[in-house]
Amino acid sequence: MNSLQPNECSQEQALYSEGLNQRLIAEWEATRRQTEALCEPLSIEDMSLQADSPPKWHLAHTSWFFETFILSELVPSYQAFHPRFEYLFNSYYNAVGEQFDRSKRGLLSRPSLDEVIAYRRYVDQQMMRLLSGDDRLSDDDTCILLTRCMLGVQHEKQHQELLLMDIRYSLFQNPLLPEYQAGYLLKPHKKEQQTQSRETLWVSHEGGLVEIGADHNVGDEHFCFDNELPRHSTYLEPFQIAKNLVTNRDYLKFIEAGGYSRPECWLADGWSTVNNQNWTSPLYWLKQESQWFEFTLAGLQPLDLDAPVTNISGYEAAAFAEWAGARLPTEAEWEFAVSQAESHSSESLNQVYTFGWQWTASAYQAYPGYRPEQGAIGEYNGKFMSNQWVLRGGASISPANHLRVTYRNFFYPQDRWVTTSIRLAR
Numbered sequence: 001m002n003s004l005q006p007n008e009c010s011q012e013q014a015l016y017s018e019g020l021n022q023r024l025i026a027e028w029e030a031t032r033r034q035t036e037a038l039c040e041p042l043s044i045e046d047m048s049l050q051a052d053s054p055p056k057w058h059l060a061h062t063s064w065f066f067e068t069f070i071l072s073e074l075v076p077s078y079q080a081f082h083p084r085f086e087y088l089f090n091s092y093y094n095a096v097g098e099q100f101d102r103s104k105r106g107l108l109s110r111p112s113l114d115e116v117i118a119y120r121r122y123v124d125q126q127m128m129r130l131l132s133g134d135d136r137l138s139d140d141d142t143c144i145l146l147t148r149c150m151l152g153v154q155h156e157k158q159h160q161e162l163l164l165m166d167i168r169y170s171l172f173q174n175p176l177l178p179e180y181q182a183g184y185l186l187k188p189h190k191k192e193q194q195t196q197s198r199e200t201l202w203v204s205h206e207g208g209l210v211e212i213g214a215d216h217n218v219g220d221e222h223f224c225f226d227n228e229l230p231r232h233s234t235y236l237e238p239f240q241i242a243k244n245l246v247t248n249r250d251y252l253k254f255i256e257a258g259g260y261s262r263p264e265c266w267l268a269d270g271w272s273t274v275n276n277q278n279w280t281s282p283l284y285w286l287k288q289e290s291q292w293f294e295f296t297l298a299g300l301q302p303l304d305l306d307a308p309v310t311n312i313s314g315y316e317a318a319a320f321a322e323w324a325g326a327r328l329p330t331e332a333e334w335e336f337a338v339s340q341a342e343s344h345s346s347e348s349l350n351q352v353y354t355f356g357w358q359w360t361a362s363a364y365q366a367y368p369g370y371r372p373e374q375g376a377i378g379e380y381n382g383k384f385m386s387n388q389w390v391l392r393g394g395a396s397i398s399p400a401n402h403l404r405v406t407y408r409n410f411f412y413p414q415d416r417w418v419t420t421s422i423r424l425a426r
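Take the sequence shown: its letters are residues 1 to 426, numbered as in this note's numbering.
Just to be clear, a hint being listed does not mean it is correct.
As the list claims (entries may be wrong) - Pair by pair, the computed Cβ-Cβ distance ranges are:
1) Ser339 with Asn276: 34 to 40 Å
2) Arg102 with Glu206: 43 to 49 Å
3) Met128 with Leu177: 39 to 45 Å
4) Gly97 with Arg33: 44 to 50 Å
5) Ala257 with Asp306: 30 to 36 Å
Please keep in mind that the hints were generated in silico from the structure rather than gathered at the bench. We treat Cβ as the ideally placed atom computed from N, Cα and C, and that holds for glycine.
Construct all of the structure, not just a fragment, from the sequences and the given hints.
As structure tokens, then:
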């Protein structure tokens with residue numbers, strides 16, 4: 001969420017008059033197009049397929065966000081596209097109202113895909129009127145429009161990534177193991193792996209009192225979510241962080257060493273999960289005769305041993321680290337190390353944003369001085385600060401202009417459908 005508060009709008013309004021709105025409009029339009037482009041390889045049957053959330057639901061929910069938090073609040077004469085969509089496509093905003101049962105989203109044959117696309121067009125048309133200045137707004141409402149539109153764009157980019165994760169997980173339930181799109185994301189992986197060393201290389205840091213978190217001035221056009229704020233000091237002991245991500249080859253050694261049957265490697269909750277879920281390998285690994293394969297968005301592929309291992313739960317990441325005589329980095333260590341590398345103050349790290357979100361050993365909790373927004377919009381991040389772990393970096397399916405060193409992603413440690421990876425520390 002943007003760092004601006006309601007009484008801090010003057011500089012933002014100045015930026016609006018100087019052309020920020022044009023850049024925002026361009027990014028908004030590109031983001032809306034990209035979400036629909038990601039659905040083009042899908043069949044009509046795929047659009048309601050739910051192992052988590054259906055593609056059709058993502059298309060509607062991202063429009064619901066703009067309708068609920070911008071159009072309905074800023075345009076007195078606004079008429080909702082459908083009076084029940086507020087309930088149907090509300091994800092988790094209790095202050096807005098009740099939500100349709102998440103587990104039943106795949107049962108929604110209606111509205112049809114055509115109706116959902118019409119909903120998107122309707123919302124887009126109304127949003128363009130606002131962003132183009134056709135509807136005159138007060139200074140305070142102009143500030144709300146800009147800050148919430150920025151948030152809505154970044155929210156939709158999050159859903160682009162979630163959309164691809166959900167598609168992969170849903171298609172994996174099919175014994176035919178169908179592809180999403182031939183060759184999807186295979187070339188970037190091949191290019192990256194050429195720099196991958198089979199030896200763990202370490203980058204050392206002396207630690208000390210360091211600063212982490214986002215810190216942009218009021219009116220800065222750059223975006224951050226509210227959980228990245230405020231910038232603050234924290235103390236780090238000397239540490240080392242791995243230059244590269246853990247590879248499939250590395251992880252296969254863990255499996256062959258009996259890693260999934262060695263309780264000494266696992267956290268107690270992780271060990272219970274391994275046994276209850278019968279985990280014996282990463283989620284998308286399949287062994288046929290004596291060869292390992294991995295299910296990808298391009299279908300079933302021979303396992304690339306030199307590519308980073310992905311779709312690993314936090315429990316698996318921690319167990320591998322224990323077996324390897326290392327640990328997961330804290331989020332403060334990760335951010336400091338990457339910041340130093342990006343400023344050329346230390347040796348660079350590889351694969352920071354390009355393969356999978358990297359698990360950290362840090363619980364997802366508020367930074368000192370954190371303040372969520374008031375009202376329903378404040379439910380975006382803060383209320384999830386319980387029982388989840390922080391992940392850093394980015395994934396191969398992340399929109400490139402969505403990522404930054406301060407970004408705090410978060411998931412439950414048992415989640416494996418998320419595009420995750422492992423970076424070690426010690």
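Self-check item: Those earlier numbered hints the structure runs against, lowest number first
Solution: Of the numbered hints given earlier, those the structure breaks are 4, 5, listed in rising order.
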